[in-house]
Amino acid sequence: MAEFLIDNRESRSLKEKGDIVCVRPDGYLWSDSEKPKVIKVPSISYANAVKYEQPVYDDIESKNPILIRHRKYKISDTLFNGNTLDSNKIKSFKITDIITKT
Amino acid sequence: MATKFTVTLQASGGDYSVLQTLETALDSNLTTAVVLSHGGITGAITDASAVTGATSGATGTALHVTATQIMITPTSGTFQTGEQIYKTINVNYVTSSSAPDSVQLTVKIDDTWSSNDTTALTIDGWTTGSANYIEIYPTSTARHSRVWNTTTAYRLVTSTIPAILIAEEYVRIYGLQVECTGAKSSAARGIRINTNNATSDIRIIGCILRATGSGTPSEFCNGIQTLSRCHLVAADNISYGWNNGICFLYEGTSTTNQIAYNNTCVDNNNNGIRYEGGTTYANIQNNLCSNNTTDFTLTSPDSTTTNMSGDATSPQTGLRNKDAAFTDYAGDNFTISSTSDAIDVGTDLSGDSYYTFSDDPAGNQTRSGTWDIGAFEYVSVEGGLSIPVAMNSYRQRRG
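Chains as they are written, first to last, in this note's numbering: chain A, 1 to 102; chain B, 103 to 501.
Simulated from the structure, these hints should not be mistaken for laboratory data. The structure displayed is predicted, hence computed values, not measured ones. Check each hint, because a few of them may be wrong.
[To be verified] Distance ranges between label pairs, derived from CB positions:
{"hint": "1", "chain 1": "B", "residue 1": "Thr318", "chain 2": "A", "residue 2": "Leu29", "range": "34 to 42 Å"}
{"hint": "2", "chain 1": "A", "residue 1": "Arg12", "chain 2": "B", "residue 2": "Ser287", "range": "41 to 49 Å"}
{"hint": "3", "chain 1": "B", "residue 1": "Thr157", "chain 2": "A", "residue 2": "Ser43", "range": "43 to 51 Å"}
{"hint": "4", "chain 1": "B", "residue 1": "Gly433", "chain 2": "A", "residue 2": "Asn64", "range": "32 to 40 Å"}
{"hint": "5", "chain 1": "B", "residue 1": "Thr318", "chain 2": "A", "residue 2": "Val56", "range": "38 to 46 Å"}
{"hint": "6", "chain 1": "B", "residue 1": "Met103", "chain 2": "A", "residue 2": "Lys51", "range": "40 to 48 Å"}
{"hint": "7", "chain 1": "A", "residue 1": "Lys51", "chain 2": "B", "residue 2": "Thr161", "range": "50 to 58 Å"}
{"hint": "8", "chain 1": "A", "residue 1": "Gly27", "chain 2": "B", "residue 2": "Ala432", "range": "33 to 41 Å"}
{"hint": "9", "chain 1": "A", "residue 1": "Asn81", "chain 2": "B", "residue 2": "Thr161", "range": "17 to 25 Å"}
[To be verified] Cβ-to-Cβ under 10 Å is the rule here; a few derived chain B residues that face chain A:
{"hint": "10", "residue": "Gly116"}
{"hint": "11", "residue": "Thr126"}
{"hint": "12", "residue": "Thr401"}
Virtual Cβ for every residue (Gly too), placed ideally from N, Cα, C.
So that you can see chain A by itself, here it is in the shape it has in the complex (with noise of 0.2 Å):
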């Protein structure tokens, strides 16, 4: 099980709102600040999802890399909307609601 902290700003520069920001165990010690922002994927294990918090780059491996996105995935803004750690009706997401930018 895995808990992703999202993105609830509105979409700026490389960042968008919904943007998997990082992703931590089930369980994991959340700030208050935090917890509005994290919902809970109980479908898939942590080590399996620690793959949603990469960023895109044109290049990593050249010389200059440019940032394309700040995430390469994101949690689509109406699913995430109050369904967070947070609230009194947390939603249990699943892999089919992560979204792959392109």
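Dock chain B against chain A, hints included.
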């Protein structure tokens, strides 16, 4: 000048627990964002809440509220002292006790850390300035003692490449432990700086950077890597396991001031310190490189003094083929022992015009007497026990 807005990063009980979540919550234009003091929060104002000044009618987005300060990106009007700044009037609010001022963001990493922070840090999308910079530092409790600490000090350990990307102009990082476990053969990097501003001011001070991934390091697998168009001060760092411990790459456009002072670079597959030229002013002083394939490769820096190498590549002929005499080389303890050739042969940089060592907010860079070369100052203390002066000073100051 700007007002310091201090947020805490702690494993528990802080404003945030992951450095990247803090970056994502607060990224903003620090020259136009404002900080105000307050006497306490009534109710709750979550990050990114819309807020209004009850008297001024000003509006904005509260990026974060600490126990004593609120940081706001204003939308309209000007917030003022002595007014209720509310998310919901009389329910979720603070009462300001200062006039608004622009922001200098300080991230104070505190408490002990039993686990790694495993998410890479990308500092991107901000507007910073010479007074409106980002500063990250650990307190004495969360800081390493000049040797990698896996039990209590904060450490950023990630397979993501690079472990830290700095894409903004005014950023200062002090005393972090940074480990990239990504494949060295895929250009794993520790701290990569990528800014285009000739007047930028990036400081990487007192950090330990190590690469532990698989494979032979490729060309751009570097502990600290910057381009010639960036102004960087790298001082008192320990960098090992990379292709180059510290690498100033030439990128066609030159700028001023690239500084490497008192770094220790060991066991890097290519160079301890590599400077490719192209900078209007580059100053390489008091660095200790040992057990790298080639300790120094420096292309016409403007100034070099008292750099020591284990091979024949130091720009100072009298400091070539010297013995660093590390305390425990096999155990990655690169403090120096009493027989080190680095003792008392450095240049006193306390009056340096480019970087003032006493600026380190964790107070871990104090030197005295004749300076040693490298990231450690050696002193012999009572009873014959010898410890680095950085640790000694640190203990005296912090108890």
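Quiz item: Which numbered hints turn out to be false for this structure?
Solution: Those not satisfied are hints 2, 5, 7, 12.
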